[in-house]
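K.L.:
As a plain string of letters, each chain reads:
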Amino acid sequence: MKQTLLNKQYLSLLLILIVGFFLRFYLLGSVPPGPEWDEASAGYNAFSILQTGKDEWGNFLPTSITAFGDHKNPLGIYLSIPLIKILGLNITSIRIVNAFSSWLMILVIYLIAKKIFGEKTALISSILVSLSPSGIFFARLADEGIMLSILLIYLGLLLFFSYLNKQKLIFIISSILCLVLSIFSYSLARIVAPPLILIMIIYYFLRAKKKSIFTTLMLLIFITVTSILLFRQLGYNLQRVSTVGILGSTKGIGLEIGEYREHDKNNFRSKLLHNKLTFTGITLLGNYLSHFSTDFLLNYKDHGNVSESHTPLLFMILLPFYYTGILFGFKELFKKSPKEKRSQIFILLFVLLIAPLPSTITEGAPSSKRSLAMHGFIELFTAFGLVTTFSLLKHKLKSNKLIVFIIGVLFAINVGTFLYFFYWIYPKQYGYMYAVRENKICEVIKAKYQQYDQFIFSRRIDGVPYIFPLFCLQFPPEKYWQTRQSRFVDGWHYIDAFDKFQFVDVVDEKIFDKLAPNNKIALFTNEEEKKTILPLLIEKKLISPDQQLIMTKSLINNPKLPLYLFTFRL
Amino acid sequence: MKKNIYRLIGALLIGIVINFLIKFVIFNSVPNSVSSEEIKNMQLLGLKTSLYSLSFRWLPKLLTILIILLSSLLTYVKTRKILLSIITLIILSFSPWLFILGQTLNLHLFLLTIIVLLLISLCHKKYWIFIISFIFILFKQWLDLKLPNLQQIIDTWPLVVRLLDFKTLFFTGDSASQYLKIPKTGYFLFFDLIPLFVGIYVLLKNQNNRSLGKIISGLFIIGLCFLFISQSSSLNIYRGIIIFYSVSLVIAVGYEYLLHNTSYLLKALIALIFVLNVFFTYELFYYHFDKKNSFEWGYAETNAINQLNQKQIKCINITQESGKLKQYVDFFNNDVNFKTNMISNSKLDDICYAKNNCYCLLREQELGLIGLQKEDIETIFSHYEGLPIYFLIPKNETHVY
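For the protein sequence lines, the chains are A and B, in the order given.
Using our numbering, the first residue of the first sequence is number 84, and each one after it goes up by one.
Using our numbering, the first residue of the second sequence is number 46, and each one after it goes up by one.
Just so you know, the hints here were simulated from the structure itself, not pulled from any lab data.
Treat the numbers as computed from the prediction; the structure is a model and nothing was measured.
Ideal Cβ placement from N, Cα and C applies to all residues, glycine included.
Hints are not guaranteed to be accurate.
For each label pair, taking beta carbons as the anchor points, the in silico distance ranges come out as [unchecked claim]:
1. 402/B with 572/A: 37 to 43 Å
2. 281/A with 51/B: 56 to 62 Å
3. 179/B with 480/A: 55 to 61 Å
4. 480/A with 266/B: 39 to 45 Å
5. 430/B with 325/A: 54 to 60 Å
6. 433/B with 568/A: 47 to 53 Å
7. 279/B with 480/A: 36 to 42 Å
8. 372/B with 546/A: 44 to 50 Å
9. 510/A with 179/B: 47 to 53 Å
10. 178/B with 480/A: 26 to 32 Å
11. 495/A with 430/B: 50 to 56 Å
12. 178/B with 574/A: 56 to 62 Å
Working from the sequences, and respecting the hints, build out all of it.
P.N.:
Put into structure tokens, the structure is as follows:
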């Protein structure tokens, strides 16, 4: 009997894993379309390291990938190297790391939930994670190692819980190792992982039953080395925080304080009430709480930005159970259950509560991407809420099965709507955000690289245009370094030219100075640039009226993103 | 029992005095001007007022005080808890959403007053919820209520989740209702967030509050229905008025629980935080409200009319761009000593420099059409925060007023 039940459970888990795998890997290269800028950059840097051992700026095995100047986290990029070696540099190979991490997360969440809340909650959590809209969305983007980072956090927790059960030192060491690695996978872990590491270390030194000098020493050495590596990255982090953070005199809060003080002619009352402490405090509190509110959890966002999920974090029908799950979670802390279980629930709640912090301190909060460490915990507590609520109502409600059925149907509708939106509507409606023009240019460049002597396009089409030719041509890094002309402005690298490619701020009459005589030119423009350059090309008789008709047809069939190609010989 | 009633009467009397003091003395002149919406509402209600008086606002202020007193009474009737009744009185007196609605003439306050009145009289009846829903039919015309179709329901849903967002409720308010909100404040005080959670917990857990809980949940559902049947053009603070009212009652329950079940030190701390929060919020209202969204209000228009009267100008030409000024001139016609002509901006040169005593009052974007820049103009009428809006075009020197 027990064996049958066990088989059923494993079978269910297997089914959930298969569904999760399918949702993460089906059409991985085309939903969402791409690659977008960061994906192309991560992919090319991985390719460059594979070819030369150095990133695109010639740094040997870097612990931080300089890229555009945004200093990407290295782990996801390093892990995609073998995949690029096997599958070649393409959109699928660079997306596999996150997709696979997200898929593994289903299993890890299952194991955590089983350990703490039991089999039923574990199965429901794994279903919710496998169908999670934002989980599926971010699993399909090669945005550094965002899902990898979250997987490592969960794995760290799972290993720590195993340590609490079995008191084997290997568990705590591997747990801390996972958390440290998560820090090198995505920036959000730099805020979420250190407090967890601290808790684990404190626990180890205060409560561990088995302690050996060797392990303690190993732990200390490990922490020191990690701290040094982290300290090296601190400068980049601070730079990043100053760019996206809420603090600073030119940021919203700074300007707001200035405005209110000006109203009051900067008097004492104004200084007392309108200062960084009060305004920042209010903003931070508001930002933080918004991560637990309906608007953030349920709404399909309509940002014109790839970095934001266009999918809700939670299905509408599950929302009440998420809140009750948190409530019951807190209640468990005060129950007379085993201390070990309470410690585990405390840690889960602690991570859920600190997970929104990376997003809280930035402008534009709440951000589903920066608070993605909540993903997993949301599903876990929702499942716990669902199971606990129904077990409480079991004796009170006569039509329990009917309610379960209704919730099930509504959940199925929620899931179906989301899948339809994500796989059919989203790529068409929001495809324009995934560097459509740049990828079209890539197609042309790939097909006609030999036919032209110079390819020119501007930063009006794309802020970082150089990365796309590098990515799609799998351009040899050494040749790139030799021919590259670059500038470094305000912490960002600007590439003005390499090989046959020229990148200008805007296409206007000045580009003729950059063109060599007798060269065959391929010039890409947007709508505005076309209006400037077309009369000049006609005036200089570089294109004929017949050619004009062909060239003024956009290469992309999207009126929002026209792209024109002018080909001529000087 | 008798003692409690005396206490309640005492509390209500003190509540009346405090509310009168707050609304009619301290914050009587904020907002300092009449909004376009208030003009429309006055026309609808058949009210007439002077350019120099804000006395028409006695109506919303009195309605607000009535709502507060009735709500306090309601909580007492339903729970027999004098502390809860007093707290309801305090919470509603300082709740930003109700306070701001009480400071401006709006029709939704009438609806809320009738709902609260009905609640008091029908709260023991099971069918109160239907009677209140029936009220919407009476207000259909006034508040432009319509039964929504499926598409409208789908479109309104994001607003519901946005309105019930903690950040919106307690920290930012709604960006679409900027001109009817205390700057940097939500619909409720920041600190009300904790009592809200406690209130929900108490209402779910505690059997004693069951009947009040039923009323609050009923009101919440009615509030949701109201939100769906009101038009998207209406401000969110109006659309959510019944929801906010029910949330305020939950907050009051939360405060009552906190004050009833904590030590003296914590009680003092809660009171202190509440007072500080009120001080912070109402300082923002008193000193910054008029400046923050002054372009939404009529300070520039009323000031322009006043100044033009003082200058003894007899005639003013304005364009379509100054439609808002025209609305004010028409409404306050008893206080306007000049005539206004609507002109098209195609012949501004001819009209503005014609040798007559009719002056042109133009917007900044129109100055270029007659070859002027804003620096050339001496008489400028600005919003309260100083942003210029109307420019009086000077005549040739030979011309006299």
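K.L.:
Hint by hint, note whether the structure agrees.
P.N.:
Hints, verified against the model:
no.: 1; hint: 402/B with 572/A: 37 to 43 Å; in the structure: violated (60 Å)
no.: 2; hint: 281/A with 51/B: 56 to 62 Å; in the structure: holds (58 Å)
no.: 3; hint: 179/B with 480/A: 55 to 61 Å; in the structure: violated (32 Å)
no.: 4; hint: 480/A with 266/B: 39 to 45 Å; in the structure: violated (21 Å)
no.: 5; hint: 430/B with 325/A: 54 to 60 Å; in the structure: violated (30 Å)
no.: 6; hint: 433/B with 568/A: 47 to 53 Å; in the structure: holds (49 Å)
no.: 7; hint: 279/B with 480/A: 36 to 42 Å; in the structure: holds (39 Å)
no.: 8; hint: 372/B with 546/A: 44 to 50 Å; in the structure: holds (46 Å)
no.: 9; hint: 510/A with 179/B: 47 to 53 Å; in the structure: holds (49 Å)
no.: 10; hint: 178/B with 480/A: 26 to 32 Å; in the structure: holds (27 Å)
no.: 11; hint: 495/A with 430/B: 50 to 56 Å; in the structure: holds (54 Å)
no.: 12; hint: 178/B with 574/A: 56 to 62 Å; in the structure: holds (60 Å)
In terms of the numbered hints stated before, the structure departs from hints 1, 3, 4 and 5, listed from lowest to highest.
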